[in-house]
Amino acid sequence: MTDVARRYPVWTLIVLLLAAGLLWLILTPWTPGIEQVLGRKRVFVNALFGGLTLGALYFLVASGFTLIFGLMRNVNLAHGSLYLLGGYLGYGVSNAAGEWLVAVPVVFLLVGLLGLLLQHQVFRRMEGEELRQTMVTIGLSVVLADMMLWIWGGQSYTLQTPDWLSGPATLPIVVGVDRNGAPVYMRFPQVRIAILVTAVVIGLGMWLVLNRTRLGMLVRAGVDDREMLTASGIRIQYVFLAVFGFGAGLAGVAGVVGGTFQSLAPGEDTRFLLASLVVVIVGGMGSITGAALGALIIGLVEQIGLVYAPTYSVVFTFLIMALVLAFRPQGLIGNRR
Amino acid sequence: MALTDKSRDQRAGTPSGSASWPDLVMSIPAGWWATGCILLIMPALASDFWLFQVFGWSFCLGIIALSLMFLAGYGGMVSLIQMTVAALAGYMVAILGTSGVQQISLGLPWWLYLPLAILIAAAFATAVGALAVRTEGIYTIMITLAIASAFFYFTRQNYEIFNGYSGFNLVVPPRVLGIDWRQPTAFYYLALVFAALCFLAVVYVARSPFGLALQGIRDNPRRMAAMGFNVVAHRIAAYGFAGVIAAIGGILLVWQNTQVAAFTAGIGAVIDILIIAVIGGLRRPIGPFVGAFIYVLLGTFSPDVLSAFGLSNERFKLLIGLGFLAMVFFSPDGALGLWDRWREARRRPVDPLTGQARPGSVP
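Respectively, the protein sequence lines represent chains A and B. For the first sequence, the numbering used here begins at 1301 and goes up steadily by one. For the second sequence, the numbering used here begins at -3 and goes up steadily by one.
Don't read these hints as lab results, they were simulated from the structure. Worth double-checking, as some hints may not be accurate.
Result set (EDC-like, lysine to aspartate or glutamate): computed pairs, CA atoms no more than 20 Å apart in a straight line [claimed, not checked]:
id : chain 1 : residue 1 : chain 2 : residue 2
1  : B       : Lys313    : A       : Asp1446
2  : B       : Lys313    : B       : Asp300
3  : B       : Lys313    : A       : Glu1568
Beyond 12 Å from chain B on every Cβ pair, some chain A residues (computed) [stated by the list, open to error]:
id : residue
4  : Arg1306
5  : Arg1373
6  : Tyr1388
7  : Ala1397
8  : Gly1398
9  : Thr1437
10 : Gln1455
11 : Thr1458
12 : Ser1466
13 : Pro1489
14 : Thr1611
15 : Met1621
16 : Gln1630
As the structure is a computational prediction, the values presented were derived from the model and not from experiment. Backbone N, C-alpha and C fix where the C-beta goes; we use that ideal spot for every residue, glycine too.
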């Protein structure tokens, strides 16, 4: 962190100022002048928190994608299909078990197993042929999408929110003053707060595993120089299996989460594939921190864009991607290889 | 530098330009002449349904896939933007020309809106290319796919220019020379002529100095850069050229469907073009047409075949996806590669195991 601050003092200052300004906007009661520019405070803060939650979901999907890409140079274009498959499976499991929480580990295992199978049976046979691997993932996404349409049909599903998470929570943020002069506190769905917390916990967990354990060391070494790692006697196939299984499982869990606070339908797979692509391109390919930053930016831009310019929120996302590509092709946090 | 010399080099550099006519005729294999003749007299043999739905559609998709084949086969850049460029050209024809949506269409004459549509689509392709060539290999797929999806979501939501979800209907070809070009026979010849023109253009450009430099860049960009070729400019120019071809295919496709909407360039359609090009083979310009023909045959007749096997007749995508997977697994150079290997195996006079002449082999 201090390294970054020392290397880019101007950018750090700008980011800090922006963060402080945002915090000030959230914490202070708004004057009529601000309300004239930005609309009601409740709307703004809600969009902000909605963006945070959406960013958390994007992070869950994109972190597996970027990990697989960073280590294996495999652009897994079937990642969105794994997301949707996880959601559908989670719907079935949570209905059968009658408990939402059961769905998460079961889906993680099932989709992770599918990922292991794919890596072991398919991608291992064409190692080093990146283009061919990518084509295979495209074919897989077409086949999976049609099989899911076959099994689950075209209607949309929503997972039942567990009882202990349904309903709104009151946050200690004043969004306005009611007629009697008493402050009105912001209310936000508990389930979204839970998603945010889950994403942060998973992100921290991944960071700890990557930076503090032997497996993490192997993964980081593999991202930097795969050939050298293989040459030093590591059975890299096992590392590949672990990473692919974990990334796929994470996509499945994200499907459960996404199916709870949004809905599952054909077409969601490409939506989340696109989101992962944009997040990873913006953040920097192969970097978990980059995925977190990219997911945060894209989630916020999408939600705030939806509130203030509904027609063009997709364009904002795309503009950010084009800008990053034009000025920093390796992503905001990413090494030029 | 080499790029600016392109036109002069092209005139001087083609071997066939100086050859006499009989040589030129003889240099083309007999199979090509036969195929050409059969295609020319096809309207006498086939029904209107085959002419319009099967061959017409195959030519349109084939032209778009041809532009991808040019980029991937000669430039080494697998771009998923070609269908989007094609759809943009179709949109431009609908917006600048006439369509069922009176309040948006401008109703310009055809000699003005056709060049404009191709020009705008090619400019868009060049701009995308300028972004995409900043990255290499698999990154190109990711970035072009992201841009293609952004275009799809944008056209689906924008009602002022692109008329959103429903798009434009009643987009028909103009009456030129007093012919209704949407009649099956007329459309067949229209699509055939443009397919042949695009095919010949790609063959010509691939053998021109520009095309040779592009293939050099595909094989070793660093060495070509060291030899003084502007790698980035060549790649962007390739995107521009492929954009023109995709635009022609897109306009024909829109005329065939009489409509263009957001789903014309949906993610599925974008990936279908890649599937067509890969199934046919990315090595030679004829591959995309073979792939498109296979794709259209599957798309038209798979319901009958599937229901014969007792499956639901909606599983066309599953069939196409499995076929694509099998192709990527067993024959990375597509159906043409399979054909080549089969001929090679038949031609081999001795059995590699025993050293004996193989029975029934063609010497």
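Here's how the hints hold up against the structure:
At most 20 Å may separate the alpha-carbon atoms for a hinted pair to count; Lys313 of chain B and Asp1446 of chain A meet this at roughly 6 Å. With a CA separation close to 14 Å, the supplied pair Lys313 of chain B and Asp300 of chain B stays within the 20 Å bound. Simply put, Lys313 of chain B and Glu1568 of chain A have alpha-carbon atoms about 17 Å apart, close enough for the 20 Å limit, and the pair holds. The beta carbon of Arg1306 of chain A sits about 28 Å from the closest Cβ of chain B, which is more than 12 Å, so the claim that it is off the interface holds.
Listed as outside the interface, Arg1373 of chain A is inconsistent with that label: its C-beta sits roughly 7 Å from the nearest C-beta of chain B, within the 12 Å cut-off. With a least CB separation of 17 Å from chain B, Tyr1388 of chain A remains clear of the 12 Å interface cut-off, as annotated. Separation of Ala1397 of chain A from chain B is adequate, the least Cβ-Cβ distance of about 30 Å exceeding the 12 Å criterion. At the 12 Å boundary, the C-beta of Gly1398 of chain A stays outside the reach of chain B, the nearest C-beta of that chain being 32 Å off.
Interface exclusion of Thr1437 of chain A from chain B breaks down, the closest Cβ pair being 10 Å apart, not more than 12 Å. The claim that Gln1455 of chain A lies off the interface holds: its Cβ sits roughly 15 Å from the closest Cβ of chain B, which is beyond the 12 Å cut-off. Here Thr1458 of chain A stays apart from chain B, with its beta-carbon at least about 22 Å from theirs, past the 12 Å limit. With a closest Cβ-Cβ approach of about 31 Å to chain B, Ser1466 of chain A is found to remain outside the 12 Å limit, as its non-interface label requires.
The claim that Pro1489 of chain A lies off the interface holds: its Cβ sits roughly 26 Å from the closest Cβ of chain B, which is beyond the 12 Å cut-off. Distance check for Thr1611 of chain A against chain B: the nearest CB is about 5 Å away, which does not clear 12 Å, and the non-interface claim fails. Separation of Met1621 of chain A from chain B is inadequate, the least Cβ-Cβ distance of about 6 Å not exceeding the 12 Å criterion. With 12 Å as the threshold on Cβ separation, the claim that Gln1630 of chain A sits away from chain B is violated: the shortest Cβ distance comes to roughly 9 Å.
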